[in-house]
Every structure is written in structure tokens, then in C-alpha cells.
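Protein chains in written order, with the UniProt record's numbering: chain V, 1 to 202; chain S, 1 to 202; chain G, 1 to 202; chain B, 1 to 202; chain U, 1 to 202; chain E, 1 to 202.
Read the hints as simulated data drawn from the structure, not as lab findings. None of the hints are false.
Copies of the same chain are indistinguishable here, so a pair counts whether it falls within one copy or spans any two.
Straight-line Cα separation of at most 25 angstroms, DSS-like style, residue types lysine-lysine; simulated pairs: (1) Lys70 with Lys39; (2) Lys70 with Lys139; (3) Lys139 with Lys90; (4) Lys77 with Lys131; (5) Lys131 with Lys90; (6) Lys23 with Lys39.
Number of protein chains: 6
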Amino acid sequence: MSQAKQADQPQQAISRFPVPEIKDLPDDIRTAILAVQEKAGFVPNVFLTLAHRPAEFRAFFAYHDALMLKDTGSLTKADREMIVTATSAKNNCLYCVVAHGALLRIYSKQPLVADQVAVNHLKADITPRQKAMLDFAVKVCLDSQSVGDEDYALLRGHGFDDEDIWDITAITAFFGLSNRLANVIGMRPNEEFFLMGRVPRQ
Amino acid sequence: MSQAKQADQPQQAISRFPVPEIKDLPDDIRTAILAVQEKAGFVPNVFLTLAHRPAEFRAFFAYHDALMLKDTGSLTKADREMIVTATSAKNNCLYCVVAHGALLRIYSKQPLVADQVAVNHLKADITPRQKAMLDFAVKVCLDSQSVGDEDYALLRGHGFDDEDIWDITAITAFFGLSNRLANVIGMRPNEEFFLMGRVPRQ
Amino acid sequence: MSQAKQADQPQQAISRFPVPEIKDLPDDIRTAILAVQEKAGFVPNVFLTLAHRPAEFRAFFAYHDALMLKDTGSLTKADREMIVTATSAKNNCLYCVVAHGALLRIYSKQPLVADQVAVNHLKADITPRQKAMLDFAVKVCLDSQSVGDEDYALLRGHGFDDEDIWDITAITAFFGLSNRLANVIGMRPNEEFFLMGRVPRQ
Amino acid sequence: MSQAKQADQPQQAISRFPVPEIKDLPDDIRTAILAVQEKAGFVPNVFLTLAHRPAEFRAFFAYHDALMLKDTGSLTKADREMIVTATSAKNNCLYCVVAHGALLRIYSKQPLVADQVAVNHLKADITPRQKAMLDFAVKVCLDSQSVGDEDYALLRGHGFDDEDIWDITAITAFFGLSNRLANVIGMRPNEEFFLMGRVPRQ
Amino acid sequence: MSQAKQADQPQQAISRFPVPEIKDLPDDIRTAILAVQEKAGFVPNVFLTLAHRPAEFRAFFAYHDALMLKDTGSLTKADREMIVTATSAKNNCLYCVVAHGALLRIYSKQPLVADQVAVNHLKADITPRQKAMLDFAVKVCLDSQSVGDEDYALLRGHGFDDEDIWDITAITAFFGLSNRLANVIGMRPNEEFFLMGRVPRQ
Amino acid sequence: MSQAKQADQPQQAISRFPVPEIKDLPDDIRTAILAVQEKAGFVPNVFLTLAHRPAEFRAFFAYHDALMLKDTGSLTKADREMIVTATSAKNNCLYCVVAHGALLRIYSKQPLVADQVAVNHLKADITPRQKAMLDFAVKVCLDSQSVGDEDYALLRGHGFDDEDIWDITAITAFFGLSNRLANVIGMRPNEEFFLMGRVPRQ
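Here chain V stands alone, though its shape is the one from the complex (with noise of 0.2 angstroms):
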């Protein structure tokens, strides 16, 4: 049985840096990470790895959840998703393609859709929209000193408005800084993320 075969190997570390105990963080991000615990039923490595600088922890989640939680704009939460998945594969961060191509999962309800943007937005079971929404994306990620008027005309095209590309750009710029980050550290995605959403809960 292959979780057998696993399990013999010895544990990987999740950071080539040092973990902290949960319990010996400060209180606010002791609390966030439990928070999380209590909700996903285990708690993602990126909190686990980057509690060991706690400042900058602090700031690191503020400006994802400025980015990813937010409930103004037309991008889904599964847009989202979308976006960060497409372009930490462009920047082969393990870490951030399997965590968040498994929340883009769960929210699309599309159980092959981020294994196709991972590997080939263009051969993806996506709209035009989202097609253009990525397209942008990607040239942020790879080419942003290009971007210019063009690019703002072809994503108006779409329907989307100047606050959805602020929102594309700065969900495509904050990830490109985790991925840089998780490359460099060897952030480990969690187990449980390879796995999620591909099967129908029961």
C-alpha cells in the first residue's frame, strides 16, 4: 500500500529553517494558526515556516487576506485561486501550486481544472475570461515591465474593470514573492493538500 511505502521513508523537514513549536509562538499567531487548525483539520506549512520570523508572519497574512479574502471585485474566490496557481507554476514553487491548486479545487468544484492550469492554462476547461484574466497574469509574473495599455484594453474586453487588475496584479506579485520565498526556504506542502478535492466528500 503506497501511504505504507510513504510512511517508511523518513519524516521530511517542511523548511530548511527552524519550526517553531505552537505553542511557544506569541499569542496572535498562536491563535490564527489554531484558528486554521480548527477549520481545515490540519495546519498548512506556510504557517508552520514562516512563524519562525513572526513580524513578518504578521505581515505576510494581512496582505493575503487583504488579497484573498476580500468581497469587492468580480474575481471568485476560485479566479483567484486560478491566478496563483497558474503563475506559481510558472515559478515551479511546489509549496504554492499543490496548496493552492487544491483550494482552487474546492472552490471551482472542478476536480481536474488545477492540474491543467499547473501544467497548460491554454488547455484548460476555463472561460475566455479566465483565459485572459491568466494570460495577464502570467505576463505580470514573467514580463511585467512590458505591461501597458494594451494589456489594461484586452482585460476591459473581458469585462474587467481597473480594480479587478489591480487585484490580478497583486494577487500574481504577493505569490511570486511567496514562491520566491518557499523555493529558497524548501517549503514542504502538507500531505493532506495533493489529494484534496479530487474526490466527492462523503
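Chain V is fixed; fit chains S, G, B, U and E onto it per the hints.
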């Protein structure tokens, strides 16, 4: 429920080109396809889509089998599928990453390794020998013109002999062909592959 | 006289997005901006342009301060600004190269080093330790997926410890975010920055 | 005299791998090779070097013949060899550029076109239709992930039908395989190819 | 004081190669250099470092003068220096970005434009005509093989004639030569250039 | 017969720009061109096309001769032409690859080496010293910003002195200029070059 949701969508084409009915295929191709169906429980779309060109179909699978089913050399079946998954990801080939990622999970009995290798093989739970193998395969995939003595030496340092090096090269080269064909004709992976090998069989 | 000439031109927008009046901002943001104005003699446009989104503004500057104002570790203020200048040049971010180049000149008391680092850090008047720091930062900026043990070892060989490596990484990653935002919203550097630190104060 | 000079050099290996004697080969392969020798006056090294692996040899040449010897579709023999020459140059494959450049000269009866296409097809004496064909082939060679509807439309605008598009794709993909194999095993072109088709036959 | 600080450092070499004394130079070269010194108030290091090779020096400056001092065509002196600054930045040539950026500031009487163009010409305070000119120059610099009819048409649409196009091309090409030489020999810009044109003359 | 076939085509322009009649040229240029014609038996198109701009023509050929006709240093004439051929191939310059490939064949008396070097110098029949020379030249051509001490050391390890390194650099840089000019003006190689040096003179 997500499967239901997916089912609501119009049936997606599996190729930009005509896909023949199995019953209309030449005998040898029909027999080969039925044998695969018997074993796998479904017909992988690579068989159906390439059957549009019988002569090329025969050569393609003869080449495939010569490389992937050979029983000499030190590469395991998991090693072979790992090469395919890693290099197909570099070529952004949805079909091959999904289908051969499934085979990699099955042969390796490691449910996580395919996603790891597809995103970034440097972060995967693989042996140093496998890492050297993939470093070489990625170089063959992206920059074969620069392969030289020092690359051979690195592989030999991990116990690969020259026949193994040919195997790694030929598998990478063959799936580079497959990736380009699949990308251009829009070959769509069967839904069965996405989940295969992720959960223990009962 | 050149300043006059420049003044003849229509006032250039500092962002593609609305820029709030300072008086209309939330108290904490207004206070923060007025404090900067008090100290610098002007308000850097990054404050005005990002204030369009107060929640993101707060997270952005909390992150910024955690990385750039921290008083532990071996990176000097000049080292930090040098990282920002070099990597922002790779991302072709006009705002950050100009603004942080100014800060680099001031902290380093080297009026030439910002231009050197922005064009080609290999030709700059910096120490071998700084060169190694920038080599690493540029790799994090452009190819973070490939960072590995050997990169850590190179930095340790120059006396950086692991916390310094996190600092270099996080600064690079954070300004990669900033660069993408600035490039897309068209953040315009204040004219004051261009000359700052180039001539001795009287 | 230059030939003499060249002859003074030690005989160059035509592959990093063992090259079988023709007499030791399986009957079908030996027969095929002797037929080529009969027709061409020499044995192209691709036959000798790939004969090291008989099963792969058979599949390789079956695939080759299915693509290059087919008598349907609108691609001429010269068109096919032009695709091979142009894309092999992008992959820096010495064997294929030299050998297929020779065939291109012969089939096209244009002694200059192979060198033109190998260096820069935009400067070659080819028709607009051939230019569109090579533009597409180069995209399949270097960036197949991005091929989409607009590429199909461009080719149709030049009178290519979908079967022609498959042909261009498959030829490019197949020789991408060949290029990688040749680059890694160090396949050396026969000297005969270099001059072939450059001077009128007497 | 920063100048003092800089002065504490050991004198930096201006070339990896021997730099001749002005008095030891051939008459024509010495005369040319003294004339420049008379006019500029100092001898730009490009004169001193290239004087190591008198024959190449003469050809280099003859070419330079033919392109940069010609008084026909529609390119202004500022346009010419803008091309040099933008393309030298793409080639990461410290000497040329700094020295020609200074000339650009002087000729354009725009103290900010050189830094803008060096970082990202798409964000610079330039006319649409100048943007088209720099788009073309950057293409000649980085991808001259792809220049074709459509590029000529774009420039003509901005009022450039064919002789202007030759000028843009030749200036870009000539400074591409200069950039490579300067990068390899380690040509160091004179400190005078860094400040030149940034402040109004008194 | 292929020559006949070629002749059926309309005469191809050798430049996008006006090509002066030899009789209309300034005396010194006409004399220089007639001397070349006398020696070579034809006028290479680089002379005719660049004569459109006499001042630049004079500087171009003065530079060319200073680098290519100098009789000091350890580079042979074949070495020089080999550098031109290899780097012009990287710049996809049809004129220079064809014309200097011809000269390389003649000076080296190796009829195959120009095609080898143009496609992939790592597979060419050249000495380790020549391979190091071309590795360096290609780096100067494509990435001169990164050239540093270790590159100088590598060349010195093959017996090149610093003056040789300047020669390799300057030849590469000069032909980078030539490649860009030729690509943009559409300089067409004379047909004579294609066959030159391929067959023994009688």
C-alpha cells in the same frame, strides 16, 4: 458534487482532428487498443487520437514499447515514467504530465512524487541518483546541443552505464515528440488519469 | 535651464489608479505619511499610490519595515538597499531603481555605487561579500526554483549565516512584489530621488 | 589539397556508442541498409549508429518513412526537408542540418536554400507559403505549448489543410527526437552530405 | 562626506589592459584626445583605454563620428544618445550607460530621462516617436534576425525615413560593439559622467 | 540543372537600400572595391551595400582590416574566420555565416569545418584550444556582461595571452555590429561564397 458539476459541461473534444471509431480501425490497431482497454479499464486518449494516422500510430507505439517496456538496463519502470513526467512538464504537455504522472504514481507506489517532479524535481522525494537522471533528462529536453563528456561523467558517477544514458536520452527525445504532437493536436487526457494512484486500492 | 524645461511639460501622473488626497486617508495611514514627509522633506510616491488600497498599504509597509528596518543580522542598511537596487533593475522597475538607488547612495556614502549596481553588479565597487550577496539575490529574483545547497554554501563561505540568507531572500522576494505592482500601475518616482546622495550635503 | 589534409586526421568516431558491422545486423536491418547504400552510394551514418538498438531502429525508420515518404497531402519532398533543416538548426543538430540540408538541395534543385534556411529562414529564397510553414514549424519546435487557433488559421490562410498541419507538426516533432538523439550520441554526418546538391550533376 | 570616502579607496583600474600615457601616443591620437580634454574638461576613459590599440582606435572613432556627428537625417543628438543609453542598458554596459546617459541629459536638457530610459524606456518621458525608435533599437540589439517589413513600416508610420532607419540600426550596432569591448576589458566610466547634466549649470 | 533553375528566379535585391554603381563611388572606395574584385574574382556584396554610406564604409573596413589582417598575436587567419562564423551563426546573420564560412574553409583547408562550426562548435573538428576560443567568443556574443576573471583564466590555460583575448573579443564585437547591419538591411551573400573552399582547386 464536483463530478456532477463537471458532467454538466459539454463533452470536451479529445483532439482537434477526427477520432476514429474503434470498430473502424485496422485489425492490428483495434486489437492493440482493445488489449489496453482490457488491462486499464479504459482507452487512453493517446491511442484514440493517434489512430487517426495508422502508419504513424504503429511506429509511435513500436518506439514507445521499445523504450518503455524493455527489460534490460538499470532504469526501473518508475524511473522511466519519472523522466517522462519531468520532461513533459518542461514542454507544458498536459496529456503526458497527467497520464504519465499517473503511471509514475502507480509504479513508484509514491502518491506524491508525480506532482513533485512535475513542478520542480529539485524538491521531489527522490534519490540522488534519480535527481542526476532528471538533471540530465531536462538538459536533453531543453539544451541537447550542450550535452558533452561532463554530463556522461556525472551519470556514470551515479552508477548509470552508457546503455542507461541512451535510455534516458531516447525516452526524453521520444516524449519530446509526443509532447509536441499532443500540444498541437490538443490531445486531452482521460479523466481517469487524474486520480489514478493517488489513493490506495481496496 | 533643465529644471525649467522639465516644468514646461504637463504634470505626469504618478499612477494609473486614483491617488487619494492625504487629508482623506485613514488616520494611521495619514499619520505614517506625514511622518515620512517630515523626515524626508517630501512624500515618496509609493506611499501615495499604494494608499489607494488601505488594507494592502498597511500590510505592504509592515512587511517592508520588518525587512528593511530590522536591527539584527549582518546586513547593513546599505546592503539591503543594494539588494533592492540590483534586483529591481533585473525586473526593470523604474520606481524602485530610482528610489532605492537614492537610499543606497545615502546609506553607503558611495555616490556611484547605485548606478553601478543597477547596470551590472559585477562591475561595481563592492566587496567580494557583497558580490556574493548580489549573485544570490539575482538568482532568487530570476531563478528561485534552482536555489539549493550549493548556494547556501557559497553565502556561508562569505560569513553569512542562515538568518542573513533568509533576509536576502525575503528582501528580494518582497521587492519582486513591489516591482510588479509598480510596473503595472505605472508608479512614477519622485524627481527628488534622482539627485539624492549624488552630491555632498552642505 | 584540402581533402588530403582532412584525410591526415585520425578517423573520427561517428557515435559515442558501438557501431555494429553491417554483416552482424538482423536480416531486415541489413537488407534495409544495403538498399540505401545501393541507392545513395554510401550508408548514411544515422543507419549505422541507430542500428546499435535494432528495435528502436525499426520504429525510428517506420516513423520516418510514414512521414517523409507519404504521397498524400500538399507538402512536397522539398517542403518536408526544408522543415527538417530549419528546425534541426534551431536544435543545433549537426547531423540533421547537414544530411537533410543535402536532401533539401537535391529535392528543391536550389543549391543555396539549405544554407539560407539553416541560418535564418526569414532571409531565404522561399515562397510566402513556405515561410508560413517554417514559422509554424519553428513554433512547434521551440514553443509548442503556445500553438493555438490563430496558428491554424495562419496556415489555412496559405492553403494548408489540417492534414498538412499534422504533417508539419509530426515532421518537426519526429526530427526533434532525432536531433536530441544525434546531439547526445554524437552522431557524425558523412562527408558526402556536405557537398551533395551544391554542384550540377554531370 | 561621500567624496572623501570614495577617495579612501585604492584608485580603480580603468581597464584590464595597459593604458598608455597620453604623451606616448601617436600624434593624431594625442591631438584628438587633447581636443576632447579641452572641450570636456577631462578625458573620457574610452579614449585612454582604446588607445592601447591605435589602429582600432582610429577606426572606432571614425565610425563613431560618422554616426554620432552627422548632420543629416531627422535624429537629434538627444535621439542618438537615447538609443545608445537604452541599448547599452540591455547589454549591461556600465561605461556606455553612464557616459552616454550623461550626454543624453545634456543634449535633451531633461535631467531624468537617461535614468528612465536605462531602466525601462516604456516608462520614460519620451514622445511616441521616440518610443517607436527605441522599440526598434532594442529589437536590433536583442533580436536583429527577426527584423522585417513590419518593423520598417512601424517606423515609417512615425515619420522616420529609410536613412533614419539605417541610422538607428547602425548606432545600435556600433554601440553593441562598444558594449562588448567595454564589458570584456572592464572599461570604467569617469566619475565626472555620473553627475553631469543632473543639475543646472551656474 | 539547378543553376538554371535558380536563374529563372527574378534577380534578388542585395540590400533594402540603394546600391551605388561602382563608377559613381568616391575614388578611394572605388579603388578598394576594384582591388577586391581583382583578387577575389567578384565583389562581395558587403562592399557594394555598405558603399551607400561612404564615411561608414571607410570606418567599417578600417576596423575590419585592423582586426582581420593584423599580423601579430597567436590567432591564425583560420581562427579569426572561425570566430566570425560561430558568432554570426548565433546572431543568425546569413551574409556573414556564408561569406566568412567560405573564408574559413579556404584558410583552414578544412572543407567541413565551417558548416560544423555554424551549427554547433561543440561537434566540430577543432582543437581544444579552438573550442576554448569559441566558447569565449560565444559568451562575448551572447552574454558579455558576465565575462570575468575565470574566463580570462580559461583562455590563458590554453596559451592565449591578453592581446589574443582582446583580439577574440574585438572580432566578435565587430562582427556583432556587422551581423546586425546585415540582418536589418537584408544584405544578401553572393552566390560565389556558397561553394567556395568546398572542392579542391584544380
